[in-house]
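Participant: Using full-length UniProt numbering, the first residue of the sequence shown is number 1, and each one after it goes up by one.
It is possible that part of the hints are untrue.
[Said to hold, decoys possible] DMTMM-like, lysine to aspartate or glutamate: derived pairs with alpha carbons at most 20 angstroms apart: (1) Lys463 with Glu513; (2) Lys484 with Glu393; (3) Lys208 with Asp229; (4) Lys487 with Asp394; (5) Lys411 with Glu578; (6) Lys443 with Glu470; (7) Lys303 with Asp229; (8) Lys335 with Asp394; (9) Lys426 with Glu470; (10) Lys463 with Asp534; (11) Lys335 with Asp266; (12) Lys508 with Glu545; (13) Lys443 with Asp418; (14) Lys238 with Asp534; (15) Lys463 with Glu558.
Calculated from the structure, these hints are not laboratory results. No experiment lies behind these values; they were computed from the predicted model shown.
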Amino acid sequence: MINKLRDTKWHGEAVGGGLGYCGQHKSKLSLKSTKGMGGNGNDRFIPKNTSKKSYYSSSQLKSFLESLDQFVDPQLQSRSPSPEFFTGQDLPIDTLLTPEMSSILESGGKKGKKKMPKHTKQHRKYMADALGFPDSNRVLHFSQAQSGGGQYSNGEIDTYSIQTPTSSIKHAREQHYQQQQQQNQQRNSKRAESRVPYRVLEAPHLRKDFYSNLVDWSPVSNNVAVALDTAVFLWSDKVGAFHVLRRDYLEKTSDTVQCISFSPNDLMLVGTKRGKILLFSQEAVESSVGNGPPKALAEITVKCQSGICCCQWYQDGNQFIVGTEVGVVYKFNVKTELIVMSRSYRRSDALQAKINGTSPDISSKKIIRTVRISESWSLHVHSQQVCGAKICEDTKQIAIGGNDNCCTIWKYNEDDLDEEPEFQFKLKHASAVKAMAFCPWSKSLLVTGGGSYDRHLRFWHSKSGTLLREFKTPGQITSIIWSKRQKQLLVTFGFTNQEVPVFIIMYKYPSMEEIIRIKQPTQLRALTAATSPDARKICVASDDETVRFYSIWENSCEDMIETPADGIYGSEIIEHEEGVSLEYLLR
């Protein structure tokens, strides 16, 4: 159409008359005219009053103009295209539209608009809901929250909430949508609590080793043992810190401490890098404060002469297992004998030789306590370091985690603990397995934690070796502690995300909702953790050479007894096997 206009006779005159006006603004107008007209900037047509009659007399435009008349208001044709048209008046949009266009843009200005009957509005709303169309109104409406006073009553500013009209949603989904909104609001309102340590002990020369276990909490004396390189200390509220093993004893052989563990009774075990096992009496250690270093009750070296990484005691306190750096697990028995001696008795060298490298504890009544350590069995259970071990005497099982990315479960004979255990299952992981724990209120529920390249909590049915579920965590799992009073478990982390470092998280089981989340301003690694005798507090050894104490379950009630509960195992077959009846599940 534009090209045809340029071919008319009057087109040349109009362009000639308009060049003088465009010449003063050539650079500015040429850019706009080129885009708008689709031609070159030099031949833009600028209509004038003299060429108006020629313009409208064109026969080729008649049909086009007639088609425009039905859409354009006649009043618009009489107005000149002056700036006053845009700035002089403020007219509503309804006055500039024809009735046909007004019906299309029905949501325009309010002036001149016919009110829709109420029943028509309601009918349209029902139709939109039935067909799934969104409401013509806004989806989000801001409503003022309920308040007893004015806008600034009681010195507080009223808050506003966002509500979604249910008319924009299908009736069948309306109830589900409202329930989901309530759950989201509740979920956002529940934030994981934090904790600060109530005590921090400095521990210089604490080894930053994932494979070592250098802190433990005595269930009898409430003492905390900490291994610092070649020395071992006990810490108590009454006395403070005092020596168990002095540095010079192991420095002579270039040895170092890798593992410490308390028995259910008075004994304390120390394992070294060169495979030595030393037993101490806590009572004897405390009585020797200020009288020189105490002496070990017994000492033995494992046959492989490799480092002792972990230790786990049986409940009787007279038997224990240790895991070594070469993947071998040893089981030992502790035998204690009390010999009454007369006052005139003088100990001979022969008696000293029978005491397995020990120095007896002689009381004022001349009673000698002799302790012997004897090996029961040894098994090569893993191809690399044994990182952790747990014993469950209810299921008669031993769980052993290794650096070869797996955890093995072994069944032992209750009637003869000196008999080698029988292999049952191999539980595969993606990294080393150090953290393991049997659930105290559901004995056959075992949880394991993966290392840096795994970072998953895995829940197993230990009797069948079935993987119940796995849960992704933010870091390397170094220890797992079940609560004895609530369905919760606490996890400590080593390497985590540097942007959001996490130290400890406590989860609710089986929902795995975070209850406590302890962060640190810097990247801090938890090496290992231990629980207090009352199972309400924990102490954590960290790589900044400190031991931090946290109060976690201070308001807990009595210990939970093992009772069937829905959802613990996540399988009806396993729950039936564990004694969870169908009647209980339907309650």
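Participant: Output the numbers, in ascending order, of every earlier hint that fails for this structure.
Facilitator: 1, 7, 8, 10, 12, 13 and 15
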